[in-house]
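J.: Taking the hints into account, I'd like the entire structure generated from these sequences.
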Amino acid sequence: MRETIEVVNPNVQGKKYPATDPYLVGREKIREFAHAVKSTNPMNLDVFAAQAAGYTDVIAPPTFAVVIQERSLATVLGDPEADIDFSRVVHGDQRFIHARPIVAGDELVSQLEVASVKSLGAHSMVTFETKIYDIAKELVCTAISTLVVRGDE
Amino acid sequence: MTHINIASLEIGQEIGSTEFLLTRDSLVRYAGASGDFNQIHYRDDVAAAVGLPGVLAHGMLTMGAAVQVAVDWAGNAGAVIDYQVRFTKPVVVDPIDGAVLVVTGKIGEIDDENKVVRVDLEAVFNETKVLGKAQARVQL
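Protein chains in written order, with the working numbering: chain A, 1 to 153; chain B, 1 to 140.
Don't read these hints as lab results, they were simulated from the structure. We put the beta carbon where it would ideally sit given N, CA and C, even for glycine.
Derived contacts from chain A toward chain B, CB cut-off under 7 angstroms, selection only: (1) 39; (2) 59; (3) 66; (4) 93; (5) 94; (6) 95; (7) 96.
Stretch-level coverage of chain B by chain A, calculated; a stretch enters the list once three of its residues show a Cβ under 8 angstroms from a Cβ in chain A: (8) 34-43; (9) 63-77; (10) 82-92.
T.: Structure (structure tokens):
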């Protein structure tokens, strides 16, 4: 009989983590991120183009919310109860559902919930749902991330 | 929200294709911009020590670059209201030659009522698809 060792504590399913401190989205941070993902879209780079389209400032590329999500994920990966070995983690799936684009000047907080913990042979698959809110407490984006935590082969 | 006439679109229609050159410089730049400083994305020795075939591009860099095909088509990064991918294969980035990622977008679904189009993205590196179920929903 082979002993099964849980690589992620299944009891953390449903656990909600406290909201992160506000993150102030800077215009130059958006430009830096846009260049990094090879965006040439003027909405990400040019304030006048973004304003002509009705935004108050440059808007972030669709995947920028990962920066906010990471702040919540760092809390979980540091949580002894969840017991996730970061060196065994592989990114499986990612999704961003936007209520509106992230705009320079936004102050964002994120709240993460462990949506599910599933076993797949020796591995565990953990799905996190991170809700990102602005200062008016309006939902801006829901980021859903599945990490695969490799067990012993 | 965009200049595209939804009535002119057909399922399967190609909306664009872009070749992205991902170099080690691209990875360092993405690490700094995103805050993801996992060493497997810039150190050959660390990548080798954990059994990888080489330094890998951040999955999130591949995801972020791939969606630009949909963004360029729509003309507005804010039009992408929902975007998901599955990371199926790694992108190994050669220290000298980098890695060439070819991304092609096609119309996968048309929702006339809500004026939302699903763009299916195919990202190919080294003749292999590296993303699965890469779908961007674009508000027209």
